[in-house]
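J.: Let the hints inform the model, and build the full structure from the sequences given.
Protein chains in written order, with UniProt numbering: chain A, 1 to 669; chain B, 1 to 669.
The hints are simulated quantities; they were obtained by calculation from the structure and are not laboratory data. Every residue, glycine too, gets a C-beta built ideally from N, C-alpha and C. Check the hints yourself; a few may be wrong.
Pair ranges (Cβ atoms, derived) [what the hints assert, rightly or not]:
1. A:Lys518 to B:Gly653: 23 to 33 Å
2. B:Ala479 to A:Gln578: 45 to 55 Å
3. A:Thr565 to B:Thr359: 49 to 59 Å
4. A:Ser122 to B:Leu51: 51 to 61 Å
5. B:Arg603 to A:Lys440: 30 to 40 Å
6. A:Ser122 to B:Glu651: 41 to 51 Å
Capping the alpha-carbon separation at 30 Å, the derived lysine-lysine pairs in DSS-like fashion look like this [what the hints assert, rightly or not]:
7. A:Lys599 to B:Lys429
8. B:Lys440 to A:Lys668
9. A:Lys599 to B:Lys437
2 protein chains.
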Amino acid sequence: MEVAELGEQLLGAWGEYRKRSRKNASRPELHRDDTLPYTEHRERILEQLHLLAEEGATNLAFPKRVGGGDNPGANIAAFEELVLADPSLQIKAGVQWGLFGSAITQLGTEEHHDKWLPDVMSLKLPGAFAMTEQTHGSDVASIGTTATYDGDTQEWVINTPFRGAWKDYLGNAALHGKAAVVFAQLITQGMNHGVHAFFVPIRTDDGELLPGVQSEDDGVKGGLNGVDNGRLAFDYVRIPRTNLLNRYGDVAEDGAYSSPIENPARRFFTMLGTLVQGRVSLDGASTNAAKAALAIAVRYGNERRQFNSATPGEETVLLDYQLHQRRLLPHIATVYAQSFAHETLLKQFHGVFSGELDTPENREDLETLAAALKPMSTWKALDVLQECREACGGAGFLAENRIPLLRHDLDVYATFEGDNHILLQLVGKRLLADYAKQFKGLDQRQMAGKIAGQVASRIYSGSGLRRVGQTIIDFGQPARSVGWLRNPATQHELLSGRVETMIADIAGALRNASKLPKAEAAALFNEHQHELIEAARAHAELLQWEAFSDALEDIRDIPTKRVLTWLRDLFGLSLIEQHLAWYLYTGRISPQRGALVGKYVNRLVARLRTHVQDLVDAFGYDDPLLRAKIATGAEAERQAESREYYRVLRESGEAPRSEHEEFKKRRKR
Amino acid sequence: MEVAELGEQLLGAWGEYRKRSRKNASRPELHRDDTLPYTEHRERILEQLHLLAEEGATNLAFPKRVGGGDNPGANIAAFEELVLADPSLQIKAGVQWGLFGSAITQLGTEEHHDKWLPDVMSLKLPGAFAMTEQTHGSDVASIGTTATYDGDTQEWVINTPFRGAWKDYLGNAALHGKAAVVFAQLITQGMNHGVHAFFVPIRTDDGELLPGVQSEDDGVKGGLNGVDNGRLAFDYVRIPRTNLLNRYGDVAEDGAYSSPIENPARRFFTMLGTLVQGRVSLDGASTNAAKAALAIAVRYGNERRQFNSATPGEETVLLDYQLHQRRLLPHIATVYAQSFAHETLLKQFHGVFSGELDTPENREDLETLAAALKPMSTWKALDVLQECREACGGAGFLAENRIPLLRHDLDVYATFEGDNHILLQLVGKRLLADYAKQFKGLDQRQMAGKIAGQVASRIYSGSGLRRVGQTIIDFGQPARSVGWLRNPATQHELLSGRVETMIADIAGALRNASKLPKAEAAALFNEHQHELIEAARAHAELLQWEAFSDALEDIRDIPTKRVLTWLRDLFGLSLIEQHLAWYLYTGRISPQRGALVGKYVNRLVARLRTHVQDLVDAFGYDDPLLRAKIATGAEAERQAESREYYRVLRESGEAPRSEHEEFKKRRKR
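T.: In structure tokens, the structure reads:
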């Protein structure tokens, strides 16, 4: 295998930026110190942020006019690699430059950029991103904070009307933030124009809260304890009219509201859509953390031995156990798929945000793609980190081996920047909408015909006719079945067919919803919520599989391509194995073929076993990035030392006899 | 529902002891302080241990002769409840009294009891349990530490011959332990008699390491940071001959070895078997932690609202979403099943260790049962804690809401006291052995007939004949299928049939293994390792289902029994849903019925939704035990306050108009 070449492919279009960021992540002064209490951890992270700012390492996304790089793709690529320094450092950087700074960039206009961005970039002005409230997280449109225009003084009055409207979980809010981008209901001339963003100073340069601003500390969290998350409330706090970030909505001195987007719902979603980069970057960062954990667990699993092997005096290497292969290899396959899918997402993101491909359709597709991939990779990272932790046994639980504390920190990635289930539901709704578009312009009869055709095809596959066909062809011929499963066209048909059928089924069940009273329509939708989210997941898996398959086309080295093709097959077959029940009861896979899926997965992991070290080496994480004592060769040294001890003892003739061995021999006689 | 009565049933045979222990776990001075750095957390835990010792709360398992309670079942029940004070406290108590003290009790004799147990009980003598080594965890028989008898001085010489033989991950080893029960290869008169346990002093009363003893600190861990885990090594450390814990093997002054158990392998497993209580107690403690997390998440999910509901001005309660029901209710069902199964296990444990039912068969069954249940509940606790954390969103990530730090601490339960996969493999091997016993005494022809019969039955079900039968009967009659699924006889047949068939299949595949060369036999076994572990899991699930079903018999209140029967059905159907592919491709469930399983689960969770608060209230955990801010009614207060704010605003006539609403109305025209 050409490990180096594969490594370059994994690094992707912004590989140089990733490498530079990895160098940063390798610097000891940017590393986590696990022994610090959370108060000191927070101070250390702030200092580290200053180090990054001094280098200008985090300016890439900002406009060139104010000293930035105007390179959104490179910025995200570099940001994602910081996770291996310390996820707290990554997320605090994300709060400062990715959320606070990005909101000013995306929602503000040039005057705002000139006024604040230089200080944001240099960290002279640390800030919070005050969107989420205690009682409204996912439903941003319903937040309670108000910004009411006072024409007499030409000021905004920012107010927190009740406890549930306190802003919460905000990085930089407990201690370090001097300002916040506050999302609030914009009210002027007696009209609520919906949620807009305002620049609100919150602390003096000495760290004193400004009049009317309250703050609470979120205290210790399940992870990311280097970030000073906290709460903010505003008691009729006044800010100048021009502190409204007014790209998508403005208020004149006389209080008249204007916006380039007439439809308030579309305006709201456009504003939120500019903040998609958080989701994009978490997709990449989670994939990186999962890669690191796999690199650690594979290195250890290749050195660690336990229980006697068939060779006398030798113990079995963990990765020679089928179970250990089964535990780690499908995760490696998924992480490759995620990595390639992420590159697609990042390119789409860069196209839109660099302006090169900025169309409403591309923006919408980008948001759907990010909403589909971010849940998959953030959840998968938690699964992978847990499996790797357990696969390393007690050693895996020690902080010196990195994995458990990475897992603590990554935990919250599943619910921040969009709760994973809510994001998948968005994807599901988009799929339903796209499905409905097929029928647009058709008259009643044509539509009925189209639906009937689909129902018929479902009954056809559900009745088992196709399945019986497979049974007759395959009977007693497992090789033929395996060939069928290995065929990428089969995998694609199975994965895409599942999405299409699930969406068609849900659409069919919901087709009369619009005619029902609101409560009944909501109840009907709710009855299919679980299925809809499953369909969205299936869609995301298909996208990952397609990205992996596309990436195979770019591999020139034949042996590498062969191994990666097995790995893609393992990814596809693992998905089919997970959803096998569905394929069986819809008749898309015959029972005979279904019974072979697991056996073929076993065969694939055994075949990939010899390549497993190469596969994780291609991630390109060396010691200064992994920093896990069990992944430094220490285990191999220990194993060698103990084997040598027993060898010398045996040869000395002074080894004690074994009661157990002698007892066994006596018994045999 | 009769919540109080159900609560008593869940408390089980040692309910009074559980209640007393819960009172302890409610005392603030025994609670975790999340803000402490790990060094101070360790000191706090030590102080807490002294508080427990002063009360005599932890003496229940020790012999009455030395001041104990001779009540092993009550001891474990009380121990399990400590998890809600602080899992570090629980585990440090477990190290001191459950491992160190228990090893002296179980492996030592009266002289040892009299000499050490009083100080162990009072905590005058804190100790470590030094079994695991860096390179040998699961394979205890292969540890490297040696204890060589020196007849001249009548002493044991304890030695760590190489780095990999350092004892590791031992609670009390880094700081507080003054002695250790050290497991080592017993060598006398040139013969290695296998692993035995020795009492070895390691520190002076002032905490100085004794000559020849080395210690290292394991440092920060993924959790349980109140326990001072560390490493120990011995450089030819000498202890008196009588420090051998000699219940199962002794050495006379002249160095002659003797044992009541002739077979060294059986002797080894007998010694290890006396330590089964760790596994038993982790099964119960994990179940308790999962119950607490569910109680928190359900309370919050019943108060928290998000997104508009069909009722104007109202938002939807989280638990009214199908997805939220789907996320939490099957876990509640599983935790009930675990709770009842644990009670069975605890009774069996008490029977054996109280001496009432102490037979070799009961011991063996107890060990298998513990090996089956401990992996299920420790893993499930991690899944439940994660799901509950995510179901509470950002709030779920705060330490003030308990769940994330409980998850950190419980993580290691999956690999300590026996790695979960290794335990399930033990269970699988036992199932294979039991299966083979059927053929004992049969001649070649009878055996062939028996096997042929089984293969035939497999082909029969695999060929789809039974399935086709179901299809014809059910066609277009989902009610009939649901009735079939709801029938406990069906559930039992499906769950038990799966175990039997899987084991028979593996036994069939391995039947010639004994005739193969060692390496080939090992390779053949390895090819079926994954299946064997799946079979063991299926067996454990069956045991849990049976325990749940048995427990239904004891419920007198009819409405309670009805709800609990639905919950049992949800448990059974969730298992069948998880393994549906297997049921489909073996032809045990028809595709038509298979397609209904998920829909019936949806229907069950909707039906149980109104009872969900009762179901978690029956766990009996009140505020001083849960100590989660979001589970105190605070969320309901916030919700009420914000609704009241909007009501007053509406009625004041001063509410701003909504651009969004007016835009929608204009559009409709």
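J.: Hints the structure violates: just list their numbers, smallest first.
T.: Of the numbered hints, just 2 does not hold.
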